Every structure is written in C-alpha cells, then in structure tokens.
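Enquirer: Residue numbers (my numbering), protein chains in the order written: chain P, 320 to 954; chain A, -18 to 449.
Each hint should be verified, as a subset may be incorrect.
What the hints assert, rightly or not - Some, not all, of what chain P presents toward chain A, calculated at C-beta under 10 Å:
1. Ser416
2. Gln545
3. Arg603
4. Phe615
5. Gly639
6. Ala907
7. Arg910
8. Ala949
Bear in mind the hints are in silico, worked out from the structure with no lab data behind them.
What you are looking at is a predicted structure, and each value in this text was computed from that prediction instead of being measured.
Just so you know, even glycine gets a beta-carbon here, dropped at the ideal spot from N, CA and C.
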Amino acid sequence: MIPEFMNEAYEVAVIGAGHAGCEAALACARLGKKTIVFMVSTDSIALMPCNPNIGGTSKGHLVREVDALGGEMGKNIDKTFIQSKMLNQSKGPAVHSLRAQADKQQYSNAMRKVMENTENLTLKQAEVAELLWEADKDGKKRVTGVKTVSGGIYPAKCVILCSGVYLNARCIYGEVCQETGPNGLPRATHLSDSLRNAGLQLLRFKTGTPARIDKRSIDFSKMEVQLGDETLVPFSFTNRAEDIKKEQQPCWLAYTNEQTHRIIRENIHRSPLFSGVIQGTGPRYCPSIEDKVVRFSDKDRHQIFIEPEGDYTNEMYLSGMSSSLPEEVQIQMYRTIPGLEHANVVRNAYAIEYDCLNPTQLKHSLEAKEIEGFFSAGQANGSSGYEEAAAQGIIAGINAARKLQGKEPIVLDRSQAYIGVLIDDLVIKETREPYRMMTSRAEYRLLLRQDNADLRLTELGYEIGLISEERYEGLLKKKKQIEEERARVASVLFGASGAIQQFLRENGSQELKTGTSLEELIRRPELTYKMLAPVDKNRPLLPPDVVEQVEINIKYEGYIKRQEQQVVQFKKLENRRIPDDINYSEIASLRLEARQKLSEIRPASVGQASRISGVSPADISVLLVYLSSAAKRKE
Amino acid sequence: MNGDDTIAAVASGMTNSGISVIRISGPQAIDIAEAVFRKKKKEAYCKANLSEKTSHTIHYGYVCWQGEVVDEVLLLLMKGPRSFTAEDTVEIQCHGGALVTRKVLQTVIHAGARPAEPGEFSKRAFLNGRMDLSQAEAVADIIQAKSKLALANSIRQLSGSVLHKIKELRSCILDEVSFIEAALDDPEHMDITGFSETLIKENEKNLQEIEKLLASANQGRYLSQGIKTVILGKPNAGKSSLLNAILGTNRAIVTDIAGTTRDMLTEEVVFGDIALQVVDTAGIRESNDKVEQIGISLAKKEAADADLILYVADSSVPFDESDRQILPLLRGKKVLALLNKSDLPPCVSEDEMREFLCEDCSEAGIVSVSMKSPDDCKKIENEIREMFFQGKLSENEEVVITAERHLLSLEKAAESLREVSASIAAGMPEDFFSIDLMNAYRELGFIIGEETDEDLINNIFNKFCMGK
Chain P
320 MIPEFMNEAY
330 EVAVIGAGHA
340 GCEAALACAR
350 LGKKTIVFMV
360 STDSIALMPC
370 NPNIGGTSKG
380 HLVREVDALG
390 GEMGKNIDKT
400 FIQSKMLNQS
410 KGPAVHSLRA
420 QADKQQYSNA
430 MRKVMENTEN
440 LTLKQAEVAE
450 LLWEADKDGK
460 KRVTGVKTVS
470 GGIYPAKCVI
480 LCSGVYLNAR
490 CIYGEVCQET
500 GPNGLPRATH
510 LSDSLRNAGL
520 QLLRFKTGTP
530 ARIDKRSIDF
540 SKMEVQLGDE
550 TLVPFSFTNR
560 AEDIKKEQQP
570 CWLAYTNEQT
580 HRIIRENIHR
590 SPLFSGVIQG
600 TGPRYCPSIE
610 DKVVRFSDKD
620 RHQIFIEPEG
630 DYTNEMYLSG
640 MSSSLPEEVQ
650 IQMYRTIPGL
660 EHANVVRNAY
670 AIEYDCLNPT
680 QLKHSLEAKE
690 IEGFFSAGQA
700 NGSSGYEEAA
710 AQGIIAGINA
720 ARKLQGKEPI
730 VLDRSQAYIG
740 VLIDDLVIKE
750 TREPYRMMTS
760 RAEYRLLLRQ
770 DNADLRLTEL
780 GYEIGLISEE
790 RYEGLLKKKK
800 QIEEERARVA
810 SVLFGASGAI
820 QQFLRENGSQ
830 ELKTGTSLEE
840 LIRRPELTYK
850 MLAPVDKNRP
860 LLPPDVVEQV
870 EINIKYEGYI
880 KRQEQQVVQF
890 KKLENRRIPD
900 DINYSEIASL
910 RLEARQKLSE
920 IRPASVGQAS
930 RISGVSPADI
940 SVLLVYLSSA
950 AKRKE
Chain A
-18 MNGDDTIAAV
-8 ASGMTNSGIS
2 VIRISGPQAI
12 DIAEAVFRKK
22 KKEAYCKANL
32 SEKTSHTIHY
42 GYVCWQGEVV
52 DEVLLLLMKG
62 PRSFTAEDTV
72 EIQCHGGALV
82 TRKVLQTVIH
92 AGARPAEPGE
102 FSKRAFLNGR
112 MDLSQAEAVA
122 DIIQAKSKLA
132 LANSIRQLSG
142 SVLHKIKELR
152 SCILDEVSFI
162 EAALDDPEHM
172 DITGFSETLI
182 KENEKNLQEI
192 EKLLASANQG
202 RYLSQGIKTV
212 ILGKPNAGKS
222 SLLNAILGTN
232 RAIVTDIAGT
242 TRDMLTEEVV
252 FGDIALQVVD
262 TAGIRESNDK
272 VEQIGISLAK
282 KEAADADLIL
292 YVADSSVPFD
302 ESDRQILPLL
312 RGKKVLALLN
322 KSDLPPCVSE
332 DEMREFLCED
342 CSEAGIVSVS
352 MKSPDDCKKI
362 ENEIREMFFQ
372 GKLSENEEVV
382 ITAERHLLSL
392 EKAAESLREV
402 SASIAAGMPE
412 DFFSIDLMNA
422 YRELGFIIGE
432 ETDEDLINNI
442 FNKFCMGK
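Isolated chain P (complex conformation) (with noise of 0.2 Å):
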C-alpha cells in the first residue's frame, strides 16, 4: 500500500492532455477556475499519435467550431500546418472541409507552451489512478478529486475524464501483444476499476495505425504528387490567409496491387482481429488495409497516402494501410508497393484496443448523469480523432467550468453546431464502435457550414467568456457588413438595356427581358459577386468573409430557408423539457422497449427521447401526454 499524501486543492482536474484535455484545462483556466491536468508524460501533451493532419471533412467543421467558442485548436494548427487545402471544392459550401498537414513536433510543442504560459492552469506528470468521490445519505454521488499512482490526493469540484485510448490500452500486431499507451507510452492500469467502482459502465473499443516508413528508402517518382492550395484558408477565424503564409510541403500518393493483397489474404490467420485476440469494436470507416481486402474483395487496389510527418523527422505516415498484421508480414506488403520496395520501416502499424464509458451515462453537458462534477471527453466516451475529442474537451471544460459559476450548461443542439449533433450522437444513439463525424450525420448542414462558424457560435463565446471583447466587435461589424451589403445588392437595379445586356451576353448569361437586381443576377449560377464587380460602379471594398457569406446567402437561399423552417419545427420538441425526477415505470401506456430505453438514457427533452433508437412517434405522443398532465396536476 503506498500511502497517500495530501495536496493543494484545485476547482477542476483534468486527466489527460490531449486534444480533449487540453481544450478543457484550457476552457477552465481562461474562465478564471484553478484547474490542475495530469498527462502520462509532459512530452504527450497534443500528441497526435496517429495521423498527421487536423480537419478533413466535417473534422475542419468542429475544429472552426471549437475556434469559434474561444477553442485553441484551430489557432495552434495554424500556427504548426505544413500543407493545407480546402476539400470538396467544386461542391456546395456546406461540405467545403478544410484539412491541414501538421507537423507533429510543433504542433504538441506550441500547444504546450499555450498551456504552460496560461494562469490558473497547472501542468502535472502523474498518472490518476483513483477517482475520488463521496455520497450523500440519498445515495447520490459526486466527486471530491482524484488520486494519483503515488498516492497523492488532489482535492477536485470537478473533475473532466480524458483519458484518450489509454485506459487498460493493449497495442496489438501478429502475435505481439503489449501492454502501452500509443507510441509505447505507459498505459493507465488502475483507473478503469476505480470508474467501475464509481458505478461507471466502461466499453472496450479498438483502434489501429498504420507505419511510419523512412523517407530516404522511398522512391517517390513512382508516387503521384499531392500539393496543399495555393490560397490558403486559416483555421482560426482570428488569423488572415497572409499571416499564416509559407512554404508548403507535398504529400504522395500510391496504389496497393494484386500482390499485396495476396500477401494479406495469405497471412490473414496471424491477424489477431481474425484470430480473436481483438475483442475490442473497432471504427468501420477506418478499416485496416486486411479488413479492406477481405470485405472489399473486388477492388482491385487501394489508395495510399504517404504523409510527412513534420519538418522534424524522415518518418513518413502511410495513410489507408493501417494493419495488426505481424511485422514480418508488414514489412512484405509493404514492398509490394511501387516507389516502397525498399521501404525501411521505422515504425510498425498495429491495433490498440481501450476501455471507455458508454457516454449514455453522460448528460448533454458530458457531466455524467450520476456522479454530479464528473465530465467526461473525448476518446474517453467512445469517439475518434483528435477533432471529435477537442470539440467535446471544450464544451466539458466550460460546462465545469460554469457549474462552479452555478450556471445552466452550455448545450449546442443539432441545429446549432456539428458539436451539437457529435454530442447528441454520442449521448443518445447507443453508439457501438468509435464515433466519427461525417457530414451526413448533420441534418441541417446547410446551416452548419465552416464558413460561418463564427457567426453561428462567436456570440456564444463572448458570453461565455471565451471570447474577447476585441473580437466580439470584430464580429458585430461583420454581421453588420453582411447585412449592409446584402441590403445594397438587393438595390442595385439593372434595366433591360446598355451595358448590363453586354456583360450578360459576354459572360454565358441569359440577357434580361425585364429589370432586374443586382442580388438576382449573383443568384445566377454561372455567375459570381467577383464577376459582377464591371457592373456594380459603387461597390464597397470589402474583406473576403464578408463577401463570402453575401454570395452565399443570396445562392442558396431557397435551400437555407427551407433548413431553416426544419428548424422551426425542429425546436418545438427539442424546448419541451422533460423533469429530472419522471419516473418512466409510472406511464403503463410505453411500450415496455420505450420504458427501458427512456429510464436508461434520460433524456432531457421531448426532441431527445424522439432520437432514441425504440422509442415510437406514439411513445412520444404518449409522453407528451403524461407531461402536461404532471405539469396541470403541479398548477
């Protein structure tokens, strides 16, 4: 028994550092609360053990998001990027996703020194390895801190779980079983049982990576170039396209063959998903290459692509060929492919299989249901990626963070934000392998676009805290130029004649039988604001997001607005609250599946138990039912 030494008291303990940790020390720290966080090494803080980029599609959305709500995700990329682009270009705004190459180092390196050099906020090497909580004569619990492997206590209000992959973690690959973190770092053995002590319900889930191969053994004149844009978008809403300017660097792209396929499906007994040694569920839209084979059988090849992982380092990442096949093997399909046949492996791909919570024992808040001050984020409640974790990191720690304030939670709801349909997902759907954002999974994504992150979640920050005043009236005067402007567009008026029919004919559009607006020419859609600048004498200059969202908004009016009355409709159900204390076993009319599934999830709303998988349109006309007949018995 090691025995326990008593330390200086903190509002909120943070257990992690990465994505989602430091998002939440961050939250809490800016919002003047006395925060502590625990990482297993200083050197892991932001790491980012598996891919190196941030964003992608929907990713970019919640990582503008997060920089929005006064997040420092999209500011430390920006400052640590090596190659950019804007995904879906030639598609409609809503699915533009920006995504950057990092570079690893710098970008753990530049977090930590954010974290380092912010007040409030202290950085601890430990690993937890108790959740300390008490209960009151009801029974009803809530935390008082935490315990490290050493025995040191730390007093806690609250205390924000973002354990990542590393509770109980085993990497796996062939017949190589080890008991690690990622990257071979130490894994947390004790803190899964005291969560389960807690009365917690922890679920095992798997994830893998692929190789790190050495760049001086790749031919890269076998592999197709893939360069970042030449306009760059920051991700930040506080940096222009000029102050993130350099010199980017180009990723590669291969093809795996018919031979390596046959090295996989000749080895396929050694993988130990196949063998069973995995018990772990993993991501079905991030499948090893063996899994691709094996399901996929008719493709013929898979794509490859091979990123730098930073300017620090020769190692280079192969994405799309993520495996737990032996090295040996590994090694084998490797050099099956063109410009890797002499490929050096510095690092092996291999499998990592975790406990986390089942997140349906969390509240939309992500303040576990019966442990009052104990949030949870991240990896730690069954997501994946570094930008699921951070979105939610930021909403724990100001949700924390605002309970010691003694106010409401913060809760973004599906029509507000991806954070908010991330959250819901995880909350309410019973999700059964790690949870990715994808742009299906955001009903009214037309609203939800990257683009007016800022407008949709800016205000919010600034009331929150997060926001400074500087900015808040950076985004008044916007809002105020878009309006302006989209009030002149809709003034400006062309007769069927002189000049305007000139430009028309020369520019492929219809030309005008009758007057018209300048707001219904830009509808046109060959047309464009840019275009129209010969034609419109008195425009305003104005900066880019600005014209941006006029341009968009006039395009696809019809469409928004059409999002828009979903909304509406949307609203109703999701503002009729439901009472914390309903006791579902006292409505005979449920279908019993309805009555199981609303007393283990809770929902907090009419609109959330409408999303619960088994509950039915006439449960929910039920439950309406009983509500305003509680609600006129209480009058």
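Since the structure of chain P is already known, use the hints to place chain A on it.
Expert: Just chain A now, with coordinates in the frame of chain P:
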C-alpha cells in the same frame, strides 16, 4: 405531432349508422370547410361564408370538389375552444359507407388538411385541457392502441407487389445518397464527377414509379380497403363459383393487383354502401403436393387476418377431415357458412352445420345456396348487409386514414424527387441532392413502417471502402 396544423379523419366507426362523420380540427378547419362546402341556391352552388356563421350551428349543403358534387351533407360548425379538441372544428356528416366517406375525407385533405395521426384528436383534446386529468391514461392508451393498429393496417393494406416496389425504390434512393455522401466524406478516394447525369435519369425513373403508384392509389387500386372477406372451403366446394357469382351479379370493381407470392387473388366488391375486399384461397385439405401446401398455408394466413370468413361447404356430401381442418381457422372470427349445392340432394342440413360449427363459432350465420341459382347470390348479399347493419361487421376507420397517410407520403416523396431534378437542372452541386433524396426515402419509409435513422451510415459502410 404539431398542434399548429389542421387534421382530419373519420370520427365515426364506419359501420351500421348510415351516417359517417368526418372531423376537421385545427386553425384552418373553417377555411378548409369553406373550400369544400357549397350551399345550393336555385341551381348554383355557392360558398357559405362559414367564418361569419355563429358557432355551434348546423348547415345543410354539399361537399364539392373541382365543380363536382361529392356528397350531400350536414356540416356542424364549432369554434374553439368550445369543441372536443378546443380548436376550431368542423364535423361533416355524410352518407355512411366506405366509398362516400373516403371521398369526402380525400376532398378535405386535398383542400389542405393533414390525415390525423393515430389518436391525435384525443391527444389534442387532452393537451388543450379539454379532458380531465384522470383521462390521461385512457388517452395514452388510445394513442398506443391506434398506432399499433395503424402500423398493422399499413402493412396489411399494401399488396405484396406495392410493398416490394416501395422497398426497391427506397433501396435505390439510399444507394444514390450513399454514393454521394461517401464521396463527399472521402473525396480523395471517391470521385463523383458526372454523377449528376446518372442521377437525373435514375431520379426521373423513380419519380415515374412513384407517380404510377400515386395514380393507381387515386383510383383506389393501390390499397386494398373494405371489409376483408376470405373464402374458405375444401376443394370443389364451390369457392371460385361463389366468387364469380358475387362478381357477376354486383357492380363489381375488379382490381387486378399484380400477383406475387404474397398476393392471393383479391377482388374488390361493392354491395351498395359496403365495400368488400374478397380473397379467394386454395382449397384446404391434407396434401403432400408442395405447391398446394404453400397455397394452403397462405390461405391460413389470410384467414387469420380476415374480418369476415365465407366458409363454403358442400351440402351434398358429409363433413370430412378437410372440413374439420378448416374449423380451427374459424375460431373467434365473424363467419358466414354457406351450404352450397342446395340444388343437389342434401346430405348436410343447416342444423347439422350449426352443430358442426358449434364449438368454434356459435354465432355464425348459415345460408343454403346454390351457385346455379342467380337469386341465391342476393341471399348472401343480404346476409352480409344484415351483419353489417347489426354492427357485427365494421370497417375500421383507421383503414381509411391509413390509406390517406400513404397517399400523402407518396405525394411528399414525389415532391422531394422533383426538387432533386430541379436542383440537378439548376446545376447545383451534389451535396444538395442528398437532402431531398433522404426526405423521399424517409416518406417512403413511413408507408412501410420502416425507420430511417442509421440506414444511410450503415449503407455507406457496407457499400464503400471508406477511410484512412
């Protein structure tokens, strides 16, 4: 689910009353009534200015649609909050009987009312404070019970071929969306350049299919309605000649719903006000023949689902093992036993039949008939009418409203696909198509009682090799 729109449904059970009541409730109730209701002044049909009339008054006139008279009716005007639901409410009393009632309801829906959800009038009444708190549980029970019934009806009323068609359409639409979404999610692995051209063709085809379903639905051919009447009997008892006789002597609406393995030969027959959906079945007897066995098990399934069973027995031969096999199928059902072949020397009397049926259905009606005598068909008709007017048989009003919900969903699905075509034509990027495609998918799902929730994500992962 919204209290701000106007709903309509048949408020009376469609049974023996001779009168049916269509109830309209909600903020537009009076406007909708105004749009369909006409008073006759001399030879002209005129608007009635209902909104200016005093509440709780009755008006005599006609429900008309696009210049045609649908029915002669009495209209009861009740302004909120003095109505069952506490909303503006109009009740239209029309001539009872399935066909007229259905037409009046359709007219009201065309004029802008939404088919009510199961138990929705009660729910609104309760939520608007018109009911005592003690009735909360009863209201909740009604909602749950009616929903269950509606779901069962929803599937039951669809012929196998229509069900199949809707599933096919949904699967096609889901694949389209999955491809678009997978490519949007993983643009570096999947390219959808040029997909618009494929999609516009597929979409037009799907739209035509839905429009076909709509057209046949509007002709009343898509959903089987009416009292589900199943003919049972051993081989050669005279089932088919019975069906032919019924069809031959009545103004029959013959429906040929394309046959699939699920479909039995189904005909719609109208006796005056009463609509029957008559299902002929394979003869029931012990058999080793595989094909015949399938037929028999289908017959049993149909019988289990029947509102009325016409049990045809051959009165010229004694009861045998095959007749005894039929008995359990009659248990708890409304039965009319027909002692057929009364033109031949009788072997089984009506009393013997009653005794034979005794244990399983003591209330069965029994008639001796000969299919060779044209008048005997009238006897059957009268017997059925009698059962109907005594309230022993009824057509559930949920059946009618289910049909209307289906129609509305089909219309909405068609509208969404039209939006898709319009977006493609306007040169919109692919991500805009998925929204309307998914709306169509969801609407079609309502018809067959299938949820939509995780289908897209699951299909994406099944069909496409995603991810890093």
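Enquirer: Hint by hint, say whether it matches the structure.
Expert: Now for the hints, and whether the structure bears them out:
A least Cβ separation of about 9 Å between Ser416(P) and chain A falls short of the 10 Å threshold, and the interface hint therefore holds. For Gln545(P), the interface hint holds, since its Cβ comes within 10 Å of a Cβ in chain A; the closest pair sits about 8 Å apart. Checking Arg603(P) against chain A by beta carbon gives a least distance of about 4 Å; that is within 10 Å, so the hint holds. The restraint placing Phe615(P) at the interface with chain A holds, with a minimum CB-CB distance near 4 Å, inside the 10 Å limit.
A hinted interface residue such as Gly639(P) counts as satisfied when its beta carbon comes closer than 10 Å to some beta carbon of chain A; here the least separation is about 6 Å, so the hint holds. Restraint check, Ala907(P) versus chain A: the minimum CB separation of about 6 Å is within 10 Å; hint holds. The criterion of a C-beta within 10 Å of any C-beta in chain A is met by Arg910(P), whose closest approach is roughly 7 Å, and the hint holds. About 9 Å separates the beta-carbon of Ala949(P) from the nearest beta-carbon of chain A, less than 10 Å, and the hint is met.
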